[in-house]
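Residue numbers (this note's numbering), protein chains in the order written: chain A, 85 to 364; chain B, 85 to 364.
Errors might be hidden in some of the hints.
The list treats identical chains as one, so a pair stands whether inside a single copy or across any two.
In the BS3-like style, the derived pairs of lysine-lysine whose C-alpha atoms are separated by at most 27 Å in a straight line are [claimed, not checked]:
id	residue 1	residue 2
1	Lys-193	Lys-176
2	Lys-240	Lys-355
3	Lys-176	Lys-355
I should point out that these hints are in silico values taken from the structure, not numbers from a laboratory.
Residues per chain, in single letters:
Protein chains: 2
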Amino acid sequence: MSDNATDGGAGYAFDRSIAVERTGGGADSGTWAADVSAGWNVGAVPNGGYLSSLATGAFAGLVTHHDPLSVTCHFLRPAQPGPATLEGRVIKRGTTVSNVEGELRQSGKPVIRVLGAFTDFDPEGMSMPAPPPPALGEPDDLVTAAGHQGLPEIAKRFDWRFEHDAFAGLLGQAGAEPKLDAWMRFADGREPDALSLLTFADAMPPPVFNLIGPQWVPTIELTVHVRARPAPGWIRARFQTRYVVGGHLEEDGELWDSTGRLVAQSRQIAKLLTQPRPIH
Amino acid sequence: MSDNATDGGAGYAFDRSIAVERTGGGADSGTWAADVSAGWNVGAVPNGGYLSSLATGAFAGLVTHHDPLSVTCHFLRPAQPGPATLEGRVIKRGTTVSNVEGELRQSGKPVIRVLGAFTDFDPEGMSMPAPPPPALGEPDDLVTAAGHQGLPEIAKRFDWRFEHDAFAGLLGQAGAEPKLDAWMRFADGREPDALSLLTFADAMPPPVFNLIGPQWVPTIELTVHVRARPAPGWIRARFQTRYVVGGHLEEDGELWDSTGRLVAQSRQIAKLLTQPRPIH
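Could you build all of it, start to finish, from the sequences and the hints given here?
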């Protein structure tokens with residue numbers, strides 16, 4: 085069921101790509117079979133945020149809390165499109181938070197290791213006035229990535245809209261600020277939900293490309309905090325890198341829904357390879 | 085060996101408080117006995133950053149990479165001063181990164197669950213110009229927390245220096261910006277190192293106190309990315325909360341060493357309780 089298509093087949097690409105089949109386990113643990121899609125590849129490698137959604141979606145079945153509040157993934161080796169197994173277990177069932185852990189395995193080896201906390205978001209919980217989302221023109225007035233040569237496969241799963249210069253680095257004009265503001269939505273019209281925000285948070289080209297041009301920037305660790313279930317419509321996103329220290333960089337992401345509410349924050353730590361590898 | 089003292093005894097409070105005794109395991113896993121110190125308490129509960137240093141220090145013995153690049157802790161229930169056991173295992177041994185996981189247990193129950201990545205920092209690795217640390221007066225010109233009534237026990241382990249209004253909320257004057265800039269160092273003169281930055285990153289009063297006054301803000305998850313080994317001397321810190329959404333808040337920390345280099349970033353997600361509990 086590897087899946088490059090955004091139309092045809094049943095349902096939406098994201099849902100087909102995170103489908104799993106329960107193969108064992110009990111009340112507090114489980115095993116699942118999955119087929120890692122090639123549709124979310126960057127180069128030959130399935131995207132880490134997609135793998136986080138895949139694993140987290142499976143492990144969610146172990147707990148009664150519905151919303152992935154905090155999901156940390158460690159990326160141990162590159163995934164490959166094709167068969168995978170998942171193993172997960174409940175660490176703790178709490179009144180307001182339940183914790184799970186597990187891994188995705190391919191060819192007998194762990195590929196990603198996951199530590200997650202689920203809750204039930206409470207729309208009545210305390211909220212406070214927050215910094216506004218980045219100012220962006222209306223999506224229809226902005227540039228689309230569609231049709232650009234050399235974008236990775238995952239770019240076809242999304243509709244991105246951004247100011248003309250935001251992707252300067254990706255498009256070969258290095259030296260710009262390592263920050264990307266953009267609108268995002270699934271290209272096939274699937275609405276965002278909490279689980280898909282894990283994929284949104286890792287789907288854009290690394291903003292450090294604006295500084296150094298495109299190169300392979302393998303993620304070591306990615307943590308996404310989902311803060312609320314997103315309303316339907318566009319997700320407004322800001323991704324930026326502020327510190328490149330000793331060959332490592334962080335990438336911080338913030339995602340707002342169509343009502344202007346913050347719905348997720350992400351941070352990943354990634355490595356700059358001394359011998360760059362092509363990304364497409 | 086629970087330890088409130090900053091003088092007397094062997095060595096420094098931090099090192100005594102994170103001491104562990106190996107009790108079992110093999111090359112790829114281990115068990116340890118520890119005695120959780122009351123010296124890093126907030127109210128009756130040992131601080132989460134301290135527990136992260138304790139566990140990470142033990143698990144570091146399983147891998148050959150020296151530096152804790154990324155450590156995520158999930159806090160499952162309040163720790164208590166006194167005996168604890170640690171269990172850890174290697175997930176992967178890599179060329180540049182090794183991953184470990186494990187937990188700290190008390191009374192037969194998991195208290196914190198840890199997922200960590202170790203590396204060897206490369207001072208020759210690519211670095212780029214970065215935003216400067218926050219402007220602060222010289223430590224000797226600033227206010228110290230020493231002598232303030234009502235500070236938690238952990239405050240005695242540190243020497244903090246801050247602008248007069250920075251701790252307004254902690255001192256009962258809510259309504260200020262939820263941001264704290266300060267100098268920090270261990271009160272007994274122990275120099276900072278990579279492992280202790282996990283404790284530095286969670287040691288300050290939550291900046292949200294400036295908005296809502298002191299109350300119990302239990303951490304659900306804390307991730308610290310150590311970016312470089314700190315030089316001796318003061319650590320300059322910024323902690324801030326930007327988003328309080330649905331009863332959850334994030335707290336972001338940045339730590340710079342005495343040379344002005346970023347040495348750690350942290351983020352935690354915490355819960356605002358609807359029924360506040362006293363913190364001291």
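Of the hints stated earlier, which fail here?
Violated hints: none at all, because every hint is consistent with the structure.
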